[in-house]
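Student: Spelled out, the chains give:
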Amino acid sequence: MTLAPPRTATAASITDGVKTYGRGDSAVHALDGVSVDFERGAFTAIMGPSGSGKSTLLHTLAGLDALSSGSVRIGNTDLGSLNDRQLTMLRRKSVGFIFQSFNLIPTLTAEENIKLPLTIAGDSADEEWFQTIVGTVGLDDRLTHRPSELSGGQQQRVAAARALVSRPDIIFADEPSGNLDSTSGAELLGFMRRAVREFDQTIVMVTHDPVAAGYADRVVFLADGSVVDEMHEPTPERVLDRMKNLGG
Amino acid sequence: MFTTALKGVLAHRVRLAMTALAIVLGVAFVSGTFVFTDTINARFETLFTDVYAGVDASVRPETPEFGAQPGQNPGSFDESLLADVSAVQGVSVAEGSVAGFAQIIAPNGDPIGGQGPPTLGFSWIDTAALSSVNIADGNGRAPEGPGEVVIDVGTAEGNDLSVGDEVGIQTLGGTETFEIVGLANFGTEDNLAGATLSIFSLDEGQRLFGLEGRLTAIDVLGADAVTPEALVEAIAPILPEGSEVVTGDQQTQEQLASITEGLGFLSAALLAFAGIAVFVGAFVIQNTFRIVVAQRIRELALFRAVGATGRQLVSLVTMEALIVGTAASIVGVFAGIGVATGIKAAMNAGGFGLPDGPLTVEPRTVIVGLAVGIVVTLVSALLPARRAATVPPVAAMTESAAPATGRSLRRRSLGGTLTLLIGGAMLAGGLVAENGASLTLVALGSLTLFIGVSVLAPVFAIPIARVLGRPLPGITGDLARENTIRQPRRTASTAAALMIGVALVSFVSIFAASIKATVSDTLEGAFPADLAFQSTNFTSGVSPELEAELEALDEFDIVSAVRAGYIRIDGEELNVAGVDGDVEAVYDMTPSIDVADLGDGMLVAQSVLSERGWQVGDIVDVEYAATGIVPTAIAGTFEDQTFANYIVSLDTYGANFSNESIIIAFASLSDGVAVEAGQQAAETVLASFPNLDMNTASEQIADAEAQVDQLVALFSGLLGLAVVIAVIGIANTLSLSIVERTREIGLLRAVGMTRRQIRRMVRWEAIIVAVFGALLGVLVGSGIGWATVFSLADDGLGTFAFPVGQLVIWLALAAVAGVVAAAGPARTAAKMNVLEAISYE
Chain A
1495 MTLAPPRTAT
1505 AASITDGVKT
1515 YGRGDSAVHA
1525 LDGVSVDFER
1535 GAFTAIMGPS
1545 GSGKSTLLHT
1555 LAGLDALSSG
1565 SVRIGNTDLG
1575 SLNDRQLTML
1585 RRKSVGFIFQ
1595 SFNLIPTLTA
1605 EENIKLPLTI
1615 AGDSADEEWF
1625 QTIVGTVGLD
1635 DRLTHRPSEL
1645 SGGQQQRVAA
1655 ARALVSRPDI
1665 IFADEPSGNL
1675 DSTSGAELLG
1685 FMRRAVREFD
1695 QTIVMVTHDP
1705 VAAGYADRVV
1715 FLADGSVVDE
1725 MHEPTPERVL
1735 DRMKNLGG
Chain B
14 MFTTALKGVL
24 AHRVRLAMTA
34 LAIVLGVAFV
44 SGTFVFTDTI
54 NARFETLFTD
64 VYAGVDASVR
74 PETPEFGAQP
84 GQNPGSFDES
94 LLADVSAVQG
104 VSVAEGSVAG
114 FAQIIAPNGD
124 PIGGQGPPTL
134 GFSWIDTAAL
144 SSVNIADGNG
154 RAPEGPGEVV
164 IDVGTAEGND
174 LSVGDEVGIQ
184 TLGGTETFEI
194 VGLANFGTED
204 NLAGATLSIF
214 SLDEGQRLFG
224 LEGRLTAIDV
234 LGADAVTPEA
244 LVEAIAPILP
254 EGSEVVTGDQ
264 QTQEQLASIT
274 EGLGFLSAAL
284 LAFAGIAVFV
294 GAFVIQNTFR
304 IVVAQRIREL
314 ALFRAVGATG
324 RQLVSLVTME
334 ALIVGTAASI
344 VGVFAGIGVA
354 TGIKAAMNAG
364 GFGLPDGPLT
374 VEPRTVIVGL
384 AVGIVVTLVS
394 ALLPARRAAT
404 VPPVAAMTES
414 AAPATGRSLR
424 RRSLGGTLTL
434 LIGGAMLAGG
444 LVAENGASLT
454 LVALGSLTLF
464 IGVSVLAPVF
474 AIPIARVLGR
484 PLPGITGDLA
494 RENTIRQPRR
504 TASTAAALMI
514 GVALVSFVSI
524 FAASIKATVS
534 DTLEGAFPAD
544 LAFQSTNFTS
554 GVSPELEAEL
564 EALDEFDIVS
574 AVRAGYIRID
584 GEELNVAGVD
594 GDVEAVYDMT
604 PSIDVADLGD
614 GMLVAQSVLS
624 ERGWQVGDIV
634 DVEYAATGIV
644 PTAIAGTFED
654 QTFANYIVSL
664 DTYGANFSNE
674 SIIIAFASLS
684 DGVAVEAGQQ
694 AAETVLASFP
704 NLDMNTASEQ
714 IADAEAQVDQ
724 LVALFSGLLG
734 LAVVIAVIGI
744 ANTLSLSIVE
754 RTREIGLLRA
764 VGMTRRQIRR
774 MVRWEAIIVA
784 VFGALLGVLV
794 GSGIGWATVF
804 SLADDGLGTF
814 AFPVGQLVIW
824 LALAAVAGVV
834 AAAGPARTAA
844 KMNVLEAISY
854 E
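Protein chains in written order, with my numbering: chain A, 1495 to 1742; chain B, 14 to 854.
Hints were generated in silico from the structure; no laboratory data involved.
A hint or two may mislead.
Here are a few chain A residues that face chain B, going by a calculated C-beta distance under 10 Å [to be verified]:
| id | residue |
| --- | --- |
| 1 | A1556 |
| 2 | R1586 |
| 3 | G1590 |
| 4 | S1595 |
| 5 | I1599 |
| 6 | T1601 |
| 7 | E1606 |
| 8 | R1656 |
| 9 | A1657 |
| 10 | L1734 |
Covered stretches of chain A (chain B as the covering partner; in silico rule of three or more C-beta atoms under 8 Å from a C-beta of chain B) [stated by the list, open to error]:
| id | stretch |
| --- | --- |
| 11 | 1574-1582 |
| 12 | 1610-1624 |
Over the 12 Å line for every Cβ pair with chain B, so calculated as not near, a few chain A residues [said to hold, decoys possible]:
| id | residue |
| --- | --- |
| 13 | V1522 |
| 14 | P1543 |
| 15 | T1554 |
| 16 | S1563 |
| 17 | T1571 |
| 18 | G1647 |
| 19 | D1718 |
| 20 | M1737 |
Positions of the beta carbon are idealized from the N, C-alpha and C atoms, including for glycine.
Could you build the full structure based on these sequences and the hints that come with them?
Tutor: Take a look at the structure:
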């Protein structure tokens, strides 16, 4: 039995996060002192107008990009102290990703894509868990298909299943429904909400779509690199209103 | 359009740089060969013109129309002719000389030189203007009497000899000791192309070469105002039959021609290898352009969308090829000068003393180098360019930038098979052509075969890559395998470039192994003799006294010596051997009639009889250089695999040849004498024949095999260039593919793949491609090798050998080449920034 670190109430957090591109007069503050905690077992949406720094926030939280100052923690781990290899291991074990597009390796089948994080780590899949996820996303009869044989919605659901398969501490999603029609988008977002509610997963999602944000438990509003507001139990209408006030 | 093309090239400079490298290497080898040959020719021309500048005319024995045996003493005329020539009006000075074979023996008893370049001996000419050699400053004096010799500075320096030292000199008459009284230069050079020069006084030379009272040349200096042509005209009428007079110029040109001819072979061989390299380069270029076009589909479609015609796109890509080809060819021509220096250094290191001097770069070298590079690049880019024209404007709007996969595999299979068959037919036709194999047809057939296989390769790529990739461990192996399969055409054409080099290397291996097997079969079967004695000097035989001296030893039972010379039948120059009746006892040739009973007749090999449609009993007109046409009866026949296809008795040989020197001698031991004892006894005799090698049967086989191995090493080395270019091709394709898969690699990194795993994945992919190419190469090479050996079975290549071990080594080396090719791309892939990769458009 491995000794797991004690589960914290916070799955991930960023404290006084500053990310600056360029220098001197031409310096751009993509993040300007952001502090947010992401609660375990919650579905959080990050919203903001273009250039508000929401993608940068996601990337720094996921360890794909380093902060200029401030700190990021995932679980008990401070990402600032990790080298590339340790960051890779962290992503392998503790983080899941759903991107807007190009989530899948075209040469692998749906099943192989879902199990990819485990295969890379040399671990075997927990078959029961795998079946549960696959059943939930409704891909039972698509497992042997290659990405080119799947619809856009199915591809994103494969990506979501892959993000879940290693039971990570936290899943980051970057406009996951951005390229989908409304029906497929609704299916995907519905599935993501079920993963949080029923399987106790933690998801942080960047989006600019108020409807997508409506599936979340909480919405964090970003503008000019800072957190300007947040909203619990959002509805699309309330989110839209709030966005209008932000000028997005 | 040119500006756009130039910008295109600059934008893809990294991708195109590797392509350019492939062109540079090929062009460098082509122009390097030209520069080398031109330089050597020019240097020799300067040297010879300089050396013979003073000779206005030269009297010499007429060269026999054929049958001049290299290294053997030329004809001669009576020395009284010198007085007659001197008396001719217009002759200022005439001086006679002799020349012959002279092997210098180092004080430690080893022969010096003779492994290729000739060992020349001649007499000193007092008139400086007529002499090709001169005593180097402060290095002694000319030879004046018995026991004195002058040798060339180069040989002296190379063997730590100086004035006052004693050396042995072996001539056809035996070996004597001489004191070095001077060191000479040949014109301005220390040495003449690796030859060793031994210069004696005229009397001593005449005695040593067995030419008492005779001369082999009279060099003439004309009086002022007499042209060489007038001199020749004046001298010609007084010459006896069998001698002739030529101008100094003509003599120089003839000497140059023989050197040029020798270099011509070398140059042709080097150009052939350069051609192979260029051919392989063409594959690499085509592949690169195809990938670059495929990756730029959206960009090209945008051009179409804003109104460019398909033709404009073709010319855009062609123009890019032109720019790359021109730039690379210019670099290649310059690099060729370096290559020429390298070849020259390698030849000098191998003992060929090539004259120093500046490199000669003829306009032809530059023109051909540029033309080869540019034309090959343009032709290779043509197909990819035509694909650019088929890009529909709508492709600019669609999300997927991935190119549609190529046309149906069925058409490809058909075309490939057809090309393959044509190539095979040409190859077969070339191999069984009349008058031996037609090299051109064989070469063209092989090239067509290569093209056919490369057209077909995508059809096999998927199943073979599956099989090759199966044993690779882990997800990295799986992904690598799938990556090679996803674009079978790309994998196949990358592998095809390597296939060519490996096929040729495999062919050489198989051919060489078959020669070795045949030689060892032949020698083992036909060598009841215990010892064989053979001259180490390629250009001369051994004195006939050897036979008597060996026979005088109690340790030997039977000694049989073989002489060899040239005859002509129906105008074709052929080898004939003269043997004594003992030969059957020491060499298993199973003649249908005893050699002792041959009389005036000859033995003709079985294969020759069937080839020419002769029968035992026929009378054939045999032409000898000395005695003219002699109708000769075919007295019997023998199985092939011996030293010559025509054999006559020693009496017949002696009647028709003036030269009695021995090419090879066989000896069998007396009863109860061990091989070692026989060898020890023979050593005493060998002391006076220093350029003689004594071999047991197994040593003889080992010797022959070593010679073949040397050639294999040389050819494989030269083919290495083609392999290097193919490896560049693999690296190129991989880096292009990795650019294409940036997002994919980013994704793999995002979900937890380490840099090391990424590197391993790229490396596995390269290994699969390389081994696939090598596998095709071994297959094709084996096919060509088998066909060649099979077709030469009649010409004495009786045994087909398949060197499995060696071919496996080539496959393993191909895998290593894959790892080398993957090094750069793997590093690039691993270094990829995850964030940039996933946000890459």
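Student: Confirm or reject each hint.
Tutor: Okay, the hints, checked on the actual structure:
Because the beta carbon of A:A1556 sits about 8 Å from the nearest beta carbon in chain B, less than 10 Å, this interface hint is met. The criterion of a C-beta within 10 Å of any C-beta in chain B is met by A:R1586, whose closest approach is roughly 3 Å, and the hint holds. At a threshold of 10 Å, the smallest CB-CB gap from A:G1590 to chain B is about 8 Å, leaving the interface hint in force. Because the beta carbon of A:S1595 sits about 8 Å from the nearest beta carbon in chain B, less than 10 Å, this interface hint is met.
Checking A:I1599 against chain B by beta carbon gives a least distance of about 6 Å; that is within 10 Å, so the hint holds. A least Cβ separation of about 3 Å between A:T1601 and chain B falls short of the 10 Å threshold, and the interface hint therefore holds. Taking 10 Å as the C-beta cut-off, the interface hint given for A:E1606 holds, the closest approach to chain B being about 8 Å. With 10 Å as the threshold, the beta carbon of A:R1656 comes within range of chain B, its nearest partner Cβ sitting at about 7 Å, so the hint holds.
Annotation: interface hint on A:A1657 holds; nearest CB of chain B at approximately 8 Å, less than 10 Å. Taken as an interface hint, A:L1734 does not check out: its beta carbon lies about 27 Å from the nearest beta carbon of chain B, beyond 10 Å. Residues of the stretch 1574-1582 of chain A lying with their CB closer than 8 Å to a CB of chain B number 3, which satisfies the three-residue condition for coverage. Counting residues of the stretch 1610-1624 of chain A whose CB lies closer than 8 Å to any CB of chain B gives 6, which reaches the minimum of 3, so the coverage claim holds.
With a least CB separation of 16 Å from chain B, A:V1522 remains clear of the 12 Å interface cut-off, as annotated. A cut-off of 12 Å between C-beta atoms confirms that A:P1543 is not in contact with chain B; the least separation is 19 Å. For A:T1554, the non-interface assignment is contradicted: its Cβ lies about 10 Å from the closest Cβ of chain B, within the 12 Å cut-off. The claim that A:S1563 lies off the interface holds: its Cβ sits roughly 18 Å from the closest Cβ of chain B, which is beyond the 12 Å cut-off.
A cut-off of 12 Å between C-beta atoms confirms that A:T1571 is not in contact with chain B; the least separation is 15 Å. With a least beta-carbon separation of about 15 Å from chain B, A:G1647 lies farther than 12 Å from that chain, consistent with its non-interface assignment. With a cut of 12 Å on Cβ distances, A:D1718 stays outside the contact zone with chain B, its closest approach being about 21 Å. The beta carbon of A:M1737 sits about 24 Å from the closest Cβ of chain B, which is more than 12 Å, so the claim that it is off the interface holds.
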